[in-house]
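J.: Dock chain V against chain A, hints included.
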Amino acid sequence: MKQGFKPDVIGNEGWFYSEKVKDHFFNPRNIFKSKAEAKKYKADGIGTIGSPICGDVMKLWIKVDKKTDRIKECKFQTFGCASAIASTSMLTVMATEKGGMKLDKALKLTPKDIMERLGGLPERKVHCSVLGDKALREAINDYFRKTRQFERISGEGTKIIDKALKITNKDIEEAVLEGAKTFEEIQKMTKIGIQDKNCIPETKRLIKYYREKHFGKN
Amino acid sequence: MQRIYLDHAATTYTRPEVKKAIMPFFEENFGNPGSFHSIGLEAKKALLEARKKIASILNCEPEEIIFTGSGTESCNLAIKGVAFALRKKGKHIITQKTEHHAVLHPCEWLEKEFGFEITYLDVDRFGIVDLRQLENAIRKDTILISIMYANNEIGTIQPIKKIAAIAKKHKVLFHTDACQAAGLEEIDVKKLGVDLMTINGSKIYALKGTGLLFAKKSTPLMPLIHGGSQEFGKRAGTENVAGIVGLATALELAQKERFKEAKRLSALRDYLIKNLLKKIPKSILQGHSKKRLPNNAAISFLDVEGEAILLYLDREGICASTGSACTSSSLEPSHVILATGMPYEIAHGNIRFSLGKKTTKKEIDFVIKKLPKIIEKLRKLSPVELSKKEVGL
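Protein chains in written order, with the numbering used here: chain A, 1 to 218; chain V, 1 to 393.
Chain A on its own, in the form it takes in the complex (with noise of 0.2 Å):
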């Protein structure tokens, strides 16, 4: 894992998280005072992503400047640890702060940005914490199909690698980020290759492809 990833390994009172992370999960920012109020609240679009089988669940409303195409206001819900309600709360400064940011270039943060802002994480807690940038990406095609910008709508160009059990690459995408790292684990979890084994190759090419945009290089 590169530098800055590292966990904040205790020190900080024994905890695994680094004081920014714990800033972040007992203080979070950009919160509704009450359930009443994320009611109410009048959002340009919303986005969830997980459920509460899983452990974690992020939900964020965005606000958003038509002419200038940059976030407003951006608030947020979490159910989940320590890890998956900091992280988010981190998201919702990133895309606020500074003016707002651009919509183009919120649809490209990465779990990886927003781990890094955080000072990093313990390692088995990234990938199924660090959900909040697809929670995003929701919100913000939500408000492309509140505004008829339909062309601009992301479908993050889904492609079948394996042709006998249409596991696509978003498939594996998912699944590098509960974890995976290597074929095998990967072919555990989805059976990927068993009966396409000319898909093989391709899947290594991306697991690498995927490792590398998420967790960064070695």
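Simulated from the structure, these hints should not be mistaken for lab results. As the structure is a prediction and not an experimental result, all values here were calculated from the model. Heads up, none of these hints are tricks.
Label-pair restraints from in silico Cβ distances:
1. A/20 <-> V/220: 51 to 61 Å
2. V/380 <-> A/93: 16 to 26 Å
3. A/98 <-> V/277: 44 to 54 Å
4. A/98 <-> V/208: 47 to 57 Å
5. V/281 <-> A/178: 31 to 41 Å
6. V/278 <-> A/35: 15 to 25 Å
For every residue, glycine included, the Cβ atom is placed at its ideal position computed from N, Cα and C.
T.: Then chain V, alone, in the frame of chain A:
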């Protein structure tokens, strides 16, 4: 900041009586019990006395006690030791789903690497095994039943005497992991009827890294660690004399105090459970309301995640524990709570408080005061709003 330790099921502090009892075994009486000189003999004498003391507490022979390095090691010795000794007789073992990993993982290993067959019995909503299912699971080739005395996460106490009777009737050996129970429950092996029983020091105010396995004289048992002839050839390695003396001291004191202490802790436990369930909406008690350890209160809170609760509690100085996926290395929530039929949504939001000798009502009152506010804050932050009905309760 005051610190309130409510994680005694993880480990206890070392009580002063134990500290005092073991002190001579560092500099003065440091010998190897296997040596044939006066310093060695002194150590041997201390070892013998500790063994005798424990034997009288467990109501067994001194030769039936094997000292080990932990509860986990004792469970491994019981399961693998019996399995290897009796593998020609049969390769079927019965255990149940809420066991500690110290039992489950050796069983899985025997299954995977040596072709044993393991039956994992179900438990009910409260974590109790079904005795009829147990009896039906016994086969001609069943060599061992391993069922814990009391569960470490939800505190449920199993009907050990009844299980022992069934095992005896079918001439199958019975091991119980009594790590959580040893400090507060009956551990007379004759009254319980067990063939093997695991106890460790780190849960009863003795040292970490100490444990024992009671194994009835006739029990076939293959050692896991080979070397010297210590522990009747069942566990090689120079004995941890200080640790063993501490274990004997702690066990003696625990059993002497247990009725009074169990009564005191049960009252505190019930007070904590009653108030938390009353003050926090959508909270659910895990385990059985009566058949539970006097010091265990395990409660799930809907819409919030266990690790987040734990960190907020820690900030208030309260040390507890959770079975949430976020604190496990497997990223799976507690297998114990899932085994009781609880949905994943509930398993993620579970907190265990385990009380101890120094726990006071004032401390419990502090938890009752702080926890509702923490849950309220996290719920305000949560996009999830489940009802008890939605999760099948």
